[in-house]
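Since the structure of chain A is provided, determine the placement of chain B on it from the hints.
Number of protein chains: 2
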Amino acid sequence: MAVIIDGKAVSKKLLEQIKNEAELYEKKPCLAVIIVGNDAASKIYVNNKRKTALELGFKSIVTELPEDVTETALIKEIEKLNNDTTVNAILVQLPLPKHINSAKILETIKPEKDADCFHPSNVGKIAVNGKVFVYPCTPKGILSLLDEYKISVAGKNVVVVGRSNIVGRPLAMMLLNKDATVTICHSKTKNLSEITKQADILISAAGNPKFIKKDMVKDRAIIIDVGITRDSNGKLSGDIDFENVKENSSYITPVPGGVGPMTICSLMQNTLDLFKLQNK
Amino acid sequence: MAVIIDGKAVSKKLLEQIKNEAELYEKKPCLAVIIVGNDAASKIYVNNKRKTALELGFKSIVTELPEDVTETALIKEIEKLNNDTTVNAILVQLPLPKHINSAKILETIKPEKDADCFHPSNVGKIAVNGKVFVYPCTPKGILSLLDEYKISVAGKNVVVVGRSNIVGRPLAMMLLNKDATVTICHSKTKNLSEITKQADILISAAGNPKFIKKDMVKDRAIIIDVGITRDSNGKLSGDIDFENVKENSSYITPVPGGVGPMTICSLMQNTLDLFKLQNK
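Residue numbers (numbering that gives the first Met the number 0), protein chains in the order written: chain A, 0 to 279; chain B, 0 to 279.
No lab work stands behind these hints: they were computed from the structure.
The list makes no distinction among identical chains, and a pair is therefore deemed to hold if it is satisfied within one copy or across any two copies.
Capping the alpha-carbon separation at 20 Å, the derived lysine to aspartate or glutamate pairs in EDC-like fashion look like this:
# : residue 1 : residue 2
1 : K130      : E106
2 : K196      : D214
3 : K103      : D67
4 : K217      : E193
5 : K130      : E70
6 : K212      : E246
7 : K189      : D178
8 : K187      : D199
9 : K275      : E20
Computed from a predicted structure; not experimentally measured.
The shape of chain A in the complex, shown without the other chains (with noise of 0.2 Å):
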C-alpha cells in the first residue's frame, strides 16, 4: 500500500515558513492580479489567491475588467502595473475572452514581475537550464512535494503524460534540468500504457477522469496527479484511478489535497521571491 502525499500538510507548512520570512521585511510583498471577465471558476481562483496572499501579510491588488474589454486596454493595466514600483507580482488569470490573443499579453507582463513564469523569454530559460527569476507555480509544486517526501528524480524515468503550457511542457524541461530522463506523453501517443508501465515516477496532467489504471503502471512507481475534474454529480476525480492504483504504489497523491493544494503556495513564494530579488 502506497504512502498517501498529503499536499495539504505540506502547503500549509510552506504558507507558515513564507508568512515568517516575509514578516521579516518592513517592506510587504504585493501581489497584483488581473481578472478579465465573469467566468465563476476564475473567480473563485482569484479570490483564494487574493486571501491567502492576505493571510500572509502581503499586499494584495484585484483588478477587474468586463469581459469586453479590448486587448489595448488590457495591455495598458498591465504596463500601469509594470511601472508600479510597489507591485512585485502581476498574474493574468487565464483563460482570456477569445477576443484577446494570450500570448501577446503573457509576453506584455514584465519578466522580473511575472508571478507565473508564462513569459516566453521565462520560459526559455527554464528550457536552457538558464538562471530564472521564479518557476511556474503548478510544476514548481510538485517539485516541492517530491522533495518534501525525499523523492529525488534524478536518473529516475520520469513520464509526463500531458503537454500543457501551464504544467506538462515546462515541468518535462524542469525536471531534466534536475537529470531525470524524460518522457512527454500526449494525445497523439500510440500505446500510452506500454510507455506509463516504464516510469518510475509518473506524473498525469491529462484532465481525464481516472484513465490512469492498475494495469498501465509498474509496481512501486510513484504517482503524482495533477488531473482534476467534477463529475457529473459534482465529484472531484483525478486522472489516476486511485482506489486500485495506490495498492501496488509506492507513493501516490490524492485529488483532491494532492498537487492542488501546492500551486497557490508555489504562487505565493514566487511573490515573495520577487519581492527579495526587487529590493536586494
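Leaving out everything else, chain B in the frame of chain A:
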C-alpha cells in the same frame, strides 16, 4: 539494409532553392557573424558560413574580435548590428572565451534578428509551441531531412540522446510540437539501451563516437546521427556504429554527409526568412 539518408544532396537542393528565391528580391539578405578569438574550428565554421552566404548572393559581414575583448565591447558590437537596418540576421559564433557570459550575449541579440534562435524569448516560444521567427539551425536541419524523405514523426516514439541547448533540448520541443512522443536521454540516464530500443526514431547528439551499437536499436528503426567527433587518426565518426547498425535500420544518416551539411542550409534559410519578415 537501410536507406542511407543523403544530407549532402538534400542540402545542395535546398541551397539552390534558397538562392533562386533570394534572386527574386532587389535587396539582398544580409547575415552578420561575430567571432571572438582564434579557435581554429570556429574560424573554419565562420568561413564556411561566409562563403555559402556569398554563393547565394547574400551580403556577409564578419566581425572578428580579439580573444581578450571585454563583454561590454562585444555587447556594443551586437547593438550596432541590432540597430543597422541593412543587417537581417545576427549570429555570435560559440563557444565564447570564459570571461564572457554567453547567456547574456545571446540575450543581447534582437530576437527578430536571431539567426540561431538562441535568445531565451525565442527558445521559450518553441517551448510553448508559439509563433517563432525562425528555428535553431541543427534541429531545423534534422526535421528538413526527415521531411525530404517523407518520414513523419507524429505519434512515433522518438528518443533524443543528448540535452544540449544547441540540439537536444530545442529538438525535443520541436518534435513534441509535431506530435511525437519524445524521450530525452543524457549522461545521467540509467539503462540507456532499454530506452533506445523502444525508439521508432532514434536521434543521437551526444558526441560519443560509435557508442550506439546494433543491440541498442530496434529493428527497422530510423537512425539520425548528430554526433561528430574526430578520432586520433583524424577520421570523423558519429555517435552510431554505422556499419553494424545500418543492417537492421530502415533509414540512417552517415557521418559525414548526413546531418552535418543541413545546419548551414538552415542558417541560410533563416537569414532569408528574417530578411523577408523585415521587408514585408
